[in-house]
Amino acid sequence: MDAKFRKRILAFYFAGFLNLMLGLYVLFNGRALVEQGTWYLLLAFFFGFAAVDVWFARNLRKKWIEAYNQHLAQQQSPASKPEAAQQKT
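Taking our numbering, I'd label the letters of the sequence shown as residues 1 to 89.
Treat the hints with care, since some could be wrong.
Unchecked claim - Below, simulated DSS-like cross-link-like pairs (lysine-lysine); rule was C-alpha separation at most 30 Å, straight line:
1. K62 with K4
2. K62 with K7
3. K63 with K4
4. K7 with K63
Stated by the list, open to error - Label-pair ranges, simulated between beta-carbon atoms:
5. Y40 with F14: 19 to 29 Å
6. R8 with H71: 16 to 26 Å
7. K62 with Q36: 33 to 43 Å
8. H71 with A11: 20 to 30 Å
9. F56 with M21: 48 to 58 Å
10. N29 with H71: 26 to 36 Å
11. L43 with K63: 22 to 32 Å
12. L72 with K4: 15 to 25 Å
Treat the hints as calculated values from the structure; they're not laboratory data. No experiment lies behind these values; they were computed from the predicted model shown. Ideal placement from N, C-alpha and C gives every residue a C-beta, glycine not left out.
Construct the entire structure; sequences and hints are all you get.
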């Protein structure tokens, strides 16, 4: 896997973990600090972005694997090999 692409995926996982931790903090300690409507909004914000970050990282990884497998299939196809092209003629 390309190092730049791997760093991007890891950054999304880290952001998801961070949002999850902040969401848990707000869940357990937030009611004492903010009003109930703001508390619900913060919970939805942090848990929502945690889910989006993890989904995006998984989606990027899945698309990279599909592109890599397609690239390997193109390299291994008989039409792309010079010997196979010479044998057909």
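Structure-based check of each hint:
no., hint, in the structure
1, K62 with K4, "holds (16 Å)"
2, K62 with K7, "holds (15 Å)"
3, K63 with K4, "holds (15 Å)"
4, K7 with K63, "holds (15 Å)"
5, Y40 with F14: 19 to 29 Å, "holds (26 Å)"
6, R8 with H71: 16 to 26 Å, "holds (19 Å)"
7, K62 with Q36: 33 to 43 Å, "holds (39 Å)"
8, H71 with A11: 20 to 30 Å, "holds (24 Å)"
9, F56 with M21: 48 to 58 Å, "violated (18 Å)"
10, N29 with H71: 26 to 36 Å, "violated (49 Å)"
11, L43 with K63: 22 to 32 Å, "holds (30 Å)"
12, L72 with K4: 15 to 25 Å, "holds (20 Å)"
Hint compliance for this structure: hints 9 and 10 are broken, all remaining hints hold.
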